[in-house]
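Engineer: Chains as they are written, first to last, in my numbering: chain Y, 1 to 343; chain A, 344 to 639; chain F, 640 to 1181.
Since no wrong hints were added, every one of them can be taken at face value.
Which stretches of chain F does chain Y cover? Using the computed rule of at least three CB atoms under 8 angstroms from a CB of chain Y, they are:
(1) 852-866
(2) 880-894
With a straight-line cut-off of 30 angstroms between C-alpha atoms, the simulated DSS-like cross-links for lysine-lysine are:
(3) K891/F / K176/Y
(4) K1043/F / K1000/F
(5) K858/F / K191/Y
(6) K742/F / K176/Y
Worth flagging that the hints you see were computed from the coordinates, not collected in a lab.
From the three backbone atoms N, C-alpha and C, an ideal C-beta is built for every residue, glycine too.
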Amino acid sequence: MTWYLVRRLNLFIATSCVMLMVLFYVTHLFPVSPAVALSGIADPSPSQQQVITQAYSLNSNIISQFIAYVQNRLSGDFGVSLTSHHPISQELFVVLPASFELAVIAGLIALVVGIPIGVLASFNHHKMTQNVIVATTLTGYSLPVFWIGLMLAHWFGIQQDWLPVSGQINLLYEIKPVTGFLVIDSLLASKQYGMSAFYDALQHIILPAVTLSILPLTVVIRITRSAMQNVMSQTYIRAAEARGLHTGQIIIKHALPNALIPVFKQLGVMLGPFASYAILVEVSFAWPGVGYWLVSGIYQRDYTVIQGGVFVVALLIIFLNILIDVIHSLVNPITKKELYGQN
Amino acid sequence: MARIRIYQDDAIPSPTKRTWMAFSSNPFALIGLWLLFVLVFVMLFGELLAPFPPELQDPNALLLPPSWDQSGTVTHFFGTDELGRDILSRVLHGTHLTFGLSLIVVVAALIIGFLLGSLSGMMSGIKSSILGHLLDALLSIPSLILAMLVVAVLGAGLENVFWAVGLALVPQFVRAIHQAIHEELQKEYVTAARLDGANSLQIYWYVIMPNVWDIVIIQVTLALSVAVLDIAALGFLNLGAQAPSPEWGAMVMQGTEHFLIAPWTVTIPGVAILITVLAINLVGDGLRSALSPQRN
Amino acid sequence: MMKLARNRFILVLAVCLSLITLSGCQPQNVPIGLVYCSEGNPESFNPQIVTLGTTIDASSHQIYNHLIEYDVTTGKVSPSLATSWQVSKDGKVYTFKLRKGVKFHRAQWFTPSRNFNALDVLFSFNRIIRADNPYHDVSATGYPFFQSIGFQSLVKDISAPDLYTVTFTLNRPDASFLANLASDFAVVLSQEYADFLLKAGTPQRIDQFAIGTGPFVLKQYVKNEYIRYQRNNDYWGKRTVIEHLVFDITRKNSQRLAKLLTDDCGVSALPKPLELKVANQYPHVQIQQQRGMNVAFWAFNTLKPPFDDPEVRQALAMAINKSDILSVVYRQTAVEADSILPPASWAHSINPTHQGYNPVKAKQILQKKGLTNLRMNILTMPTARTYNPNPVKTAQLIQADLAKVGIKAHIHSNDWRVLSKKLNRSQYDSVLLGWNADNSDPDNFFSPFLSCAALKSNNNRSQWCDTKFDSILEQAKTVTDQADRKKLYQKAEMLLSEQMPLVPLAHSNRIILKRTDIKGVKLASYGGISFAKAYHNKEQND
Chain Y
1 MTWYLVRRLN
11 LFIATSCVML
21 MVLFYVTHLF
31 PVSPAVALSG
41 IADPSPSQQQ
51 VITQAYSLNS
61 NIISQFIAYV
71 QNRLSGDFGV
81 SLTSHHPISQ
91 ELFVVLPASF
101 ELAVIAGLIA
111 LVVGIPIGVL
121 ASFNHHKMTQ
131 NVIVATTLTG
141 YSLPVFWIGL
151 MLAHWFGIQQ
161 DWLPVSGQIN
171 LLYEIKPVTG
181 FLVIDSLLAS
191 KQYGMSAFYD
201 ALQHIILPAV
211 TLSILPLTVV
221 IRITRSAMQN
231 VMSQTYIRAA
241 EARGLHTGQI
251 IIKHALPNAL
261 IPVFKQLGVM
271 LGPFASYAIL
281 VEVSFAWPGV
291 GYWLVSGIYQ
301 RDYTVIQGGV
311 FVVALLIIFL
321 NILIDVIHSL
331 VNPITKKELY
341 GQN
Chain A
344 MARIRIYQDD
354 AIPSPTKRTW
364 MAFSSNPFAL
374 IGLWLLFVLV
384 FVMLFGELLA
394 PFPPELQDPN
404 ALLLPPSWDQ
414 SGTVTHFFGT
424 DELGRDILSR
434 VLHGTHLTFG
444 LSLIVVVAAL
454 IIGFLLGSLS
464 GMMSGIKSSI
474 LGHLLDALLS
484 IPSLILAMLV
494 VAVLGAGLEN
504 VFWAVGLALV
514 PQFVRAIHQA
524 IHEELQKEYV
534 TAARLDGANS
544 LQIYWYVIMP
554 NVWDIVIIQV
564 TLALSVAVLD
574 IAALGFLNLG
584 AQAPSPEWGA
594 MVMQGTEHFL
604 IAPWTVTIPG
614 VAILITVLAI
624 NLVGDGLRSA
634 LSPQRN
Chain F
640 MMKLARNRFI
650 LVLAVCLSLI
660 TLSGCQPQNV
670 PIGLVYCSEG
680 NPESFNPQIV
690 TLGTTIDASS
700 HQIYNHLIEY
710 DVTTGKVSPS
720 LATSWQVSKD
730 GKVYTFKLRK
740 GVKFHRAQWF
750 TPSRNFNALD
760 VLFSFNRIIR
770 ADNPYHDVSA
780 TGYPFFQSIG
790 FQSLVKDISA
800 PDLYTVTFTL
810 NRPDASFLAN
820 LASDFAVVLS
830 QEYADFLLKA
840 GTPQRIDQFA
850 IGTGPFVLKQ
860 YVKNEYIRYQ
870 RNNDYWGKRT
880 VIEHLVFDIT
890 RKNSQRLAKL
900 LTDDCGVSAL
910 PKPLELKVAN
920 QYPHVQIQQQ
930 RGMNVAFWAF
940 NTLKPPFDDP
950 EVRQALAMAI
960 NKSDILSVVY
970 RQTAVEADSI
980 LPPASWAHSI
990 NPTHQGYNPV
1000 KAKQILQKKG
1010 LTNLRMNILT
1020 MPTARTYNPN
1030 PVKTAQLIQA
1040 DLAKVGIKAH
1050 IHSNDWRVLS
1060 KKLNRSQYDS
1070 VLLGWNADNS
1080 DPDNFFSPFL
1090 SCAALKSNNN
1100 RSQWCDTKFD
1110 SILEQAKTVT
1120 DQADRKKLYQ
1130 KAEMLLSEQM
1140 PLVPLAHSNR
1150 IILKRTDIKG
1160 VKLASYGGIS
1170 FAKAYHNKEQ
1180 ND
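Pulled out of the complex, with its shape left as it was, chain Y reads as follows (with noise of 0.2 angstroms):
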């Protein structure tokens, strides 16, 4: 086990120095020099110039530029924005936990929502149910987010006057950053609001985190399905059945918890397509993100917010990739002995 941890860590590190090679090839070719791409200071004064050039070696040769370089970005310093001034990181704490409750929220929902489903669905083997989930799972999985957020938003934001369709509260609200996440934060602060800035924040993000749980939503109802089927289908189910329990018994004792490892391994998979889901959902519904942060920092060409935000993004991926990876293998010792052979 302790091997296996390693080589997984190994590939962490590996993986992460890759990545960081390329952002660092990036910095090179954005049109401005390289001390403004690093540092994010526009105009730099000749002192300022002389602290960025000794920061990233940046008289040295590209070896020991690279070595500054992730120096640097691995202690926290991403350079300052260039447009606020102010340093990446500290935007970055703004802008991460408002992504992350977002992501776990849209997440829960699919989950919750998404296995009984298709657990039910398991059951049914008339030919027009599994039609009717085949092609509702594939319309979901094929819909454009950005206009499938629009229409939400229009429909229950704008028509039916039931939710707010933009921003993250109403910002006569100061709340004060305990975990960052808005919802439990808004709760802290009931003594000054009372209970109506939480609720504010949970109407708010009700249609932003409904939007992002469609995708994953057809996702885990196909996979919990399908793995339903296949384990309901073992002669261990059978025996349990011989042994005359329940049916609820078995299917939430014996069969569930061996069709959700497929279900757990699928979500690492699906991570990259749900962060670009979520940067368009942030984008369609003003929700102050990451993705929201990164794409107006593109509009406005800072280079330093572009290159903090792909960074963060990649690095999380990778992270939670080897996560789950790493626990999937821990609860599902079969897994284990395949990864021995290869990588």
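Assemble chains A and F onto chain Y, guided by the hints.
Structural biologist: Below, chains A and F without anything else, positioned relative to chain Y:
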């Protein structure tokens, strides 16, 4: 000499035919295939079908609703946008950009990905491992972010979208082909062929490749739907096709400005994207299930 | 409103029921304040160093005060930080008596130890005019407004005979001097804060973490998201009613409208004219409209051939159908521009040399010049401006008009930060921009973006410098008689239509959308927005 048939023996269908039979027994997949044919037809002849040029502005017909609305007219079947441009014509012309471009991008990415994937797949040891890490790193950047990174370097515009989406797709092809070849290489029939004295090239082309084509085909359909969605998403973010272009994502973006007054300027191009991606996914899904019994 | 309230109630009820274990339900408890949906990020919080309207809105009337102010109703200057002033007979010496007991903001980043006095005025203006001031070079963008009006060469000396008197000595009389001091750009900063920052070694913070004397204290700015202000409880004037002011930065106009409709903001900036139709359907939304002192124009890069030829520029001007732009982009919220000065200005006169839409003649001229296959680019921006609610649409209409005379135009739409960089490097053929006046003086429509001085300060987007034109402007500034000035400005306008460095397109109305229960938002024909007198009308609420 005529063969005497004692038993009623059906001709054993070839693998291709078997796949087709499995595929065509799936009504959804057939619908998708027909939709794809229509799309290709529209892409090739859309300019002839369109009643108006895509950028023709008619100041007398601003924001006309679609024909099924009470105040709509048949001349502008899908209505007009805020500059009085015919939406039907724009959607037809947009097929070129959104669907046509994604076809070209996928073909280009396939060729490059295929070459790189084959090379790396046949390699082993440290070189293969380094390449694997490089691919893992590139794949960990979501395709949209990678495309955005390219746009940030090159600037917005449809011609840069080609590079952006292409660069995002290549690693996926390389990875899929690399893994498929690697998997096949470890199987026993390859060892058997090697023992028969086949060299690497022969093994690659005659032994492994016939079993990798399935993966390639499935990967193409996946890449195609990703390409359409990414091109449209970049257009929507105003990082891809620029303002007057009838690219579907850009049309949605332009429509959002008047969404409350003229929802059809957003709905119609959005439905066009949905139908295209759905058709691709239906075909892809059909192919996957048609091919899967052979693979397992 | 009722429907909204009911639906909200049902929803809140549903949520409450689901959370009944967590806590009981309490009534709505929104803090007293105002959310303004603004159109973009400010570049900084100091209007001295910018010309962008968004930055002015976020700073000039919220955080700062000026020496003197414009009274919107009378159109005359009125006291602000200066209580009275005198002008010497030769019009060269201006003496201001300053207000006593004015406190600077107390913010997280600075606590003032003394009240406002003459030293602050000296610092604020010396920073602009004296190169030896340690803060002069802190601004990377320079002082575009002051440079373009030649402020540095106009002011000989600023002195303070005592702590509450300031004297400006000019090199020559200038009829627009008081108007320029009352403009949005001439704010008063704190000298004590400047010294404090200099000692701390972070002088550049002065423009970002602003300290002023105005009705609101800057509290927090999160890029792309919001700017938070708090009421200045020590304000020398009438204390504001609203305690919190928030600028909700919302780039997309459709989102601004949606936020207004769902009550996430109380006032919303720059609606598209078509959206007024939607706003009319909602009883809780009100449209506030005001004739604007602005001009939208299409400027040519006159350094670049073939646009260095006035005849070519005239041909291009004739190729544009302005009435199309008016009906499609502005929809009755603007007047067509024949000249730079809007009809609302007292100096406006009918331009006798104005040429209308004439594509046939335009084509003839172009053919004569051998420009049958001309390609050009049009720079523009994706965000609405006071003078143009939809620059990209305008560009598309111009593109279509140009295609009719055989010119292939490319549109490049960039964010302001990117656009201004391209403009400063003069990498363009033409650009769609405009000017929003800061004061009622007609000079404000010429010097800031058409003079040779403006060319140096990177504000002259036509890259056009004509000494004859400049001398007319100089003359018009020294003359004090209105009728004489009017004649001079007519002469300037005629020269402009002859040279055509830019094509004036429209004079737009200023429009904001607001909730019906919010009153007292000051929207003048010129200058930035002010929330100092805004309040909620409780009776009308619900």
